[in-house]
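Here are the chains, one letter per residue:
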Amino acid sequence: GAVVSQHPSRVICKSGTSVKIECRSLDFQATTMFWYRQFPKQSLMLMATSNEGSKATYEQGVEKDKFLINHASLTLSTLTVTSAHPEDSSFYICSATAVAYEQYFGPGTRLTVT
Amino acid sequence: QKEVEQNSGPLSVPEGAIASLNCTYSDRGSQSFFWYRQYSGKSPELIMFIYSNGDKEDGRFTAQLNKASQYVSLLIRDSQPSDSATYLCAVNIGRSGSEKLVFGKGTKLTVNP
Chain A
753 GAVVSQHPSR VICKSGTSVK IECRSLDFQA TTMFWYRQFP KQSLMLMATS NEGSKATYEQ
813 GVEKDKFLIN HASLTLSTLT VTSAHPEDSS FYICSATAVA YEQYFGPGTR LTVT
Chain B
1183 QKEVEQNSGP LSVPEGAIAS LNCTYSDRGS QSFFWYRQYS GKSPELIMFI YSNGDKEDGR
1243 FTAQLNKASQ YVSLLIRDSQ PSDSATYLCA VNIGRSGSEK LVFGKGTKLT VNP
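Taken in order, these protein sequences are the chains called A and B. With my numbering applied, the first sequence covers 753 to 866. With my numbering applied, the second sequence covers 1183 to 1295.
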């Protein structure tokens, strides 16, 4: 149980375009999902907390107008990177809570902006 | 500042040995503690969680928690080359109702055949 999927697994886009990443909890309902970013050889950095039916809570320094998060249902959250630039190239990972504070991670999306 | 500290390593142990990974945290209100394993290029995988002081065993893994010392550790017995990965310690920040976890930077473990 507690399986989280992400789509796409890899995406390459041109600078200035937008990219949408989907995160789904497959076998449980997740009231809370989290979005992380991880640069090479660095730890996970929490970007935002997403609650179903309400606005996401962004961490300090994360631009909410650039990283749009929608959590329309108990099994789906989306992250849209708007007007992507090469510095946005990173590994984006979502997670969802199934029980208490246990977070289960999706497989991640590797974004490359050219 | 809520912090979770880990020795970045690399920690190198021979196959069959016990690997000991350590983590300290700064928030005394933290109640939930997690160990994740992350292989290179992959996302983290939850391997252990512990909420109470003492030891918790699951197969070859033992998590140890000492809230008074603000210390949590992970022991891997009979280490295998497949255990080679980065191990992330994560701590719930302790604020009531918050499900956020703070992650350490991870300890890279290498198990040599």
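Read the hints as simulated data drawn from the structure, not as lab findings. Take these hints with a grain of salt, some might be off.
[As the list claims (entries may be wrong)] If you want the footprint, here are the derived chain A segments under chain B, 3+ residues with CB under 8 Å: (1) 772 to 779; (2) 856 to 863.
[To be verified] If we take Cβ atoms under 8 Å as the criterion, some of the chain A residues that face chain B in the derived model are: (3) Ser-761; (4) Thr-784; (5) Tyr-853.
No residue lacks a Cβ here, since even glycine has one placed at the ideal position from N, Cα and C.
Here's how the hints hold up against the structure:
1. With 0 residues having a Cβ less than 8 Å from any Cβ of chain B, the segment 772 to 779 of chain A misses the three-residue criterion, and the hint is violated.
2. Chain B is given as covering the segment 856 to 863 of chain A, and this holds because 5 residues of the stretch bring a CB closer than 8 Å to a CB of that chain, at least three being needed.
3. Interface restraint check for Ser-761/A: the shortest CB-CB distance to chain B comes to about 10 Å, outside 8 Å, so the restraint is violated.
4. Restraint check, Thr-784/A versus chain B: the minimum CB separation of about 5 Å is within 8 Å; hint holds.
5. The beta carbon of Tyr-853/A is positioned within 8 Å of a beta carbon in chain B (closest approach about 4 Å), and the interface hint is therefore held.
Consistency with the previously given hints fails for numbers 1 and 3, ordered from lowest to highest.
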